[in-house]
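In the order they appear, the protein sequences are chains X and C.
Numbered by the working numbering, the letters in the first sequence go through residues 1 to 191 in order.
Numbered by the working numbering, the letters in the second sequence go through residues 1 to 175 in order.
Any given hint could be a false lead.
Said to hold, decoys possible - Among the chain C residues that face chain X by a calculated CB cut under 8 Å, a handful are:
id: 1; residue: Leu45
id: 2; residue: Val52
id: 3; residue: Met164
Said to hold, decoys possible - Simulated restraints, written as ranges between beta carbons of each label pair:
id: 4; chain 1: X; residue 1: Ala56; chain 2: C; residue 2: Ala47; range: 32 to 42 Å
id: 5; chain 1: C; residue 1: Pro3; chain 2: X; residue 2: Ala74; range: 18 to 28 Å
id: 6; chain 1: C; residue 1: Arg90; chain 2: X; residue 2: Ala74; range: 53 to 63 Å
id: 7; chain 1: C; residue 1: Glu151; chain 2: X; residue 2: Glu72; range: 34 to 44 Å
id: 8; chain 1: C; residue 1: Leu107; chain 2: X; residue 2: Pro11; range: 30 to 40 Å
id: 9; chain 1: X; residue 1: Gln22; chain 2: C; residue 2: Gln15; range: 23 to 33 Å
id: 10; chain 1: C; residue 1: Gly79; chain 2: X; residue 2: Val63; range: 23 to 33 Å
id: 11; chain 1: C; residue 1: Pro3; chain 2: X; residue 2: Ser157; range: 39 to 49 Å
id: 12; chain 1: X; residue 1: Gln22; chain 2: C; residue 2: Thr106; range: 28 to 38 Å
id: 13; chain 1: X; residue 1: Ser188; chain 2: C; residue 2: Glu165; range: 25 to 35 Å
id: 14; chain 1: C; residue 1: Arg111; chain 2: X; residue 2: His41; range: 27 to 37 Å
id: 15; chain 1: X; residue 1: Val63; chain 2: C; residue 2: Glu4; range: 21 to 31 Å
id: 16; chain 1: X; residue 1: Asp93; chain 2: C; residue 2: Ile92; range: 46 to 56 Å
These are computed hints drawn from the structure, not numbers from a lab.
Note that CB positions come from ideal geometry on N, CA and C, so glycine has one too.
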Amino acid sequence: MSAPSSDSVTPLLVRWNSGDEQALHALVPIVYQELRRLAHHHLQSERQEHTLQSTAIVHEAYVRLVGGQPLEIANRTHFFALASRLMRQILVDYARNRNAAKRDGGRRLSLSDEIDIPMTIDENLVVLDQALNELACLDERQARIVELKFFGGLSSSAAASEMGISRTTVDREWATARLWLHRHIRTSAQK
Amino acid sequence: MTPERWQEVKKLLDQALEHKPEERHAFLDAACSFDHALRAEIGALLAEEEFVNPKFLHVPPYLDISSEGRGLESPLSAGQIFAERFRLIRKIGEGGMGQVWLAEQTLPVRRTVAIKLIRAGMYDESVVKRFQAERQSLALMDHPAIAKVFEAGATPQGQPYFVMEYVPGLPITEY
């Protein structure tokens with residue numbers, strides 16, 4: 001099996017950006033496979049810290065799939081938006097599977113016990129995913145900023161240029177979204 | 001909450017955050033003088049700051065693979081019956097991919113085998129295919145020094161495994 005290369009991905013990104021939906025259908029499995037492959041590769045290699053940074057994977061996927069090819073900002077936007085969303089899906093699926101395995105093993109963790117620790121624990125990832133879906137119903141743009149920054153690892157200025165808005169707007173949207181998400185998760189856990 | 005209401009809340013919350021903490025309440029009292037529900041809603045979100053761990057959403061998500069059993073579907077222990085016909089004796093190896101257990105097969109024949117288990121979260125189509133390829137190539141190599149693969153399968157929970165001939169010996173490093 002030959003690895004997908006910038007020769008196949010870059011034209012697809014360009015076509016997708018000019019409105020070709022077919023190109024998106026071709027692109028999703030390539031990017032998804034590459035993200036999964038990188039995730040598995042990192043999980044397999046014995047590493048000291050035993051953790052896997054999702055954002056590093058998104059960037060690595062970009063370098064591997066698009067590489068040195070010059071790409072218009074709009075096309076890069078699309079790549080990161082797509083990769084952030086797929087990475088979210090991969091991580092949440094993974095967390096869900098692990099949670100199911102833990103439940104089967106009778107080692108269920110209570111949500112309220114974990115709620116004020118950073119969003120790095122499997123259980124919280126699933127809860128965050130649900131809260132983010134609900135935020136998207138209120139404010140699509142805010143949910144997307146969280147997705148780009150948190151799951152895609154983009155800086156505020158990168159997210160701003162990816163979305164075509166100012167960095168200040170990103171930071172403001174982020175600050176209010178963060179408070180809303182935290183409150184939503186915390187109060188849902190208490191119910 | 002409706003999207004329209006959230007836009008209202010968000011706008012004032014954002015403005016309140018621009019103020020110094022000690023000025024925020026006065027700002028909100030003035031801005032929401034006609035809408036107590038709005039005032040309460042924004043006040044609750046502002047108060048949320050006290051609960052927010054600074055790391056919340058600032059530390060990228062990562063997968064913790066250091067937990068017990070190293071990510072196997074469920075932790076295995078000696079004496080346990082695996083896949084209904086193998087009694088696990090002891091763990092003889094562990095690596096990035098998963099674990100290898102020494103086991104006694106009870107059905108249809110009684111023999112000592114080695115069972116290789118792939119770590120959870122690592123198996124999708126490609127991993128299973130690679131294992132199948134490994135099985136193929138090992139099956140082709142019929143040599144006394146190479147372990148034979150008896151079977152490959154998956155538990156009802158979807159945990160892929162290999163049953164191999166157990167070849168006792170010194171680790172190659174001690175040979």
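Hint check results:
A cut of 8 Å between beta carbons decides the hint on Leu45/C: the least distance to chain X is about 5 Å, and the hint holds. Restraint check, Val52/C versus chain X: the minimum CB separation of about 5 Å is within 8 Å; hint holds. Interface hint status for Met164/C: violated, as the beta-carbon distance to the closest one in chain X is roughly 20 Å, over 8 Å. With their beta carbons about 35 Å apart, Ala56/X and Ala47/C fall inside the hinted range of 32 to 42 Å.
In this structure, Pro3/C and Ala74/X meet the distance hint of 18 to 28 Å, their C-beta atoms being roughly 27 Å apart. Look at Arg90/C against Ala74/X: about 58 Å separates their beta carbons, and that is inside 53 to 63 Å. Distance hint check for Glu151/C and Glu72/X: the Cβ-Cβ separation is about 53 Å, which falls outside the suggested range of 34 to 44 Å. Restraint check, Leu107/C to Pro11/X: a C-beta distance of roughly 56 Å breaks the suggested window 30 to 40 Å.
Distance hint check: the CB atoms of Gln22/X and Gln15/C are about 45 Å apart, inconsistent with the given range 23 to 33 Å. Judged by the Cβ atoms, the range 23 to 33 Å given for Gly79/C and Val63/X is violated: they are separated by roughly 48 Å. Range check, Pro3/C to Ser157/X: about 27 Å between beta-carbon atoms, so the 39 to 49 Å window is missed. Between Gln22/X and Thr106/C the Cβ separation comes to about 55 Å, which falls outside the hinted range of 28 to 38 Å.
The hinted range of 25 to 35 Å is not satisfied by Ser188/X and Glu165/C, whose Cβ atoms lie roughly 53 Å apart. Under the hint 27 to 37 Å, the C-beta atoms of Arg111/C and His41/X, about 35 Å apart, fit the expected range. For Val63/X and Glu4/C, the hinted distance range of 21 to 31 Å is not satisfied, since their beta carbons lie about 42 Å from each other. Roughly 31 Å separates the CB atoms of Asp93/X and Ile92/C, a value that falls outside the hinted 46 to 56 Å.
Hints 3, 7, 8, 9, 10, 11, 12, 13, 15, 16 from the earlier list are contradicted by this structure; the remaining hints agree with it.
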